[in-house]
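Starting from the known structure of chain E, arrange chain P on it as the hints suggest.
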Amino acid sequence: MEVDQLQRNFLEYTNLLFREGFLDGQFSQLQLLQDESNPDFVFEVVSLFFEDSERLLNDLTIALDQQNVDFKKIDAHVHQLKGSSSSIGAQRVKNTCIAFRDVCLEQNAEGCLRCLQQVKQEYLLVKTKLEALLRVRVPHLFSLEQQIVAAGGAIPMLNDFC
Amino acid sequence: MSSGLATEMEFHVLAVDDSIIDRKLIERLLKTSSYQVTVVESGVKALEFLGLVDDENTNSNCISNNRSTHHVEVNLIITDYSMPSVTGYDLLRKIKESAMLKDIPVVIMSSENIPSRINNCLEHGAKEFFLKPVQQSDVNKLRPHLMRGKCRTQNQQNIINKRKPLEECLSPDRTTRFNDLALVQ
Chain E
1 MEVDQLQRNF LEYTNLLFRE GFLDGQFSQL QLLQDESNPD FVFEVVSLFF EDSERLLNDL
61 TIALDQQNVD FKKIDAHVHQ LKGSSSSIGA QRVKNTCIAF RDVCLEQNAE GCLRCLQQVK
121 QEYLLVKTKL EALLRVRVPH LFSLEQQIVA AGGAIPMLND FC
Chain P
1 MSSGLATEME FHVLAVDDSI IDRKLIERLL KTSSYQVTVV ESGVKALEFL GLVDDENTNS
61 NCISNNRSTH HVEVNLIITD YSMPSVTGYD LLRKIKESAM LKDIPVVIMS SENIPSRINN
121 CLEHGAKEFF LKPVQQSDVN KLRPHLMRGK CRTQNQQNII NKRKPLEECL SPDRTTRFND
181 LALVQ
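Chains E and P, in that order, give the protein sequences.
Heads up: the first sequence begins at 1 in UniProt numbering, then just goes up one per residue.
Heads up: the second sequence begins at 1 in UniProt numbering, then just goes up one per residue.
Calculated directly from the structure, the hints in this document are not laboratory data.
Some clues are possibly wrong.
[Stated by the list, open to error] Below, computed lysine to aspartate or glutamate pairings styled on EDC-like, alpha-carbon distance capped at 16 Å:
1. P:Lys31 <-> E:Glu36
2. P:Lys31 <-> E:Asp35
3. E:Lys129 <-> E:Glu12
4. P:Lys31 <-> P:Asp138
5. P:Lys102 <-> P:Glu73
6. P:Lys31 <-> P:Glu48
Bound-form chain E, shown alone (with noise of 0.2 Å):
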């Protein structure tokens, strides 16, 4: 494939990822960040968004499982998705989370159950988007990023096109 048709369809996936409120500009900013000396910077981030993210959920998973649930942890690890989600611009899991605390606060189990799942739909939709989007954990897949990097181009900046 070409290399500008690849750089498009990864900008105009990044748009769409935009667009569809999966990411807002906060991820933007991460993706200012990298450069020649840090090639691997979003990549970085986002793994360990990932496996950040799968230990809190797992964490919620067994809390709320508790015969007595301990709202406060929940808040807790709540807090700290939504802070994990807001620092790389995973809007819709971050607002998922926000309504989360809310309900947190009601001290309501099965509320929380609800929330639990919202999230955690959410957290692999984004997941989902983003390993297209990078490079991805699975080796026979290949990410656009990577496609375009094979083909001996550089990853293209919203700015660059404007």
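Below, chain P alone, put in the same frame as chain E:
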């Protein structure tokens, strides 16, 4: 040498955050400004690094004996507010209570926009309060605090150690920038 004082000085920033993602972010942001960066994951680790061992039996101003032998100079501390055990606010208070460290500028970061929290931190000596996610534009605000801090420390250090006067550390064309300091004659 034509380069001024600002380019010769290397600022060392200590960043404190319990979030692994935010640690990565703040480290990268600080490094783009060419600062030397040390990142720690808790208030406790920050206190240890600064030589302020949080011991219930001793005065909080007590500095461990090792400090004089491996002095690590920190020019600015940027810390998250919400951390378990020792919060960013606790850290701020301890630093300002310490004779050795009180002049180091402290900046607080928080994901929550709570005016009373912000005011409280600023009233207790924080130089800036950044809302997360922290941006490059926020980090750009650190430089003036670093410039001011370094020069004051240099001045005090010279007086204490009776080293060469400050004017020898500054190239002549730079002295006029620091007009709130008296040069040691």
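Consistency of the hints with the structure:
no. : hint                 : verdict
1   : P:Lys31 <-> E:Glu36  : holds, 14 Å
2   : P:Lys31 <-> E:Asp35  : holds, 12 Å
3   : E:Lys129 <-> E:Glu12 : holds, 13 Å
4   : P:Lys31 <-> P:Asp138 : holds, 14 Å
5   : P:Lys102 <-> P:Glu73 : holds, 13 Å
6   : P:Lys31 <-> P:Glu48  : violated, 23 Å
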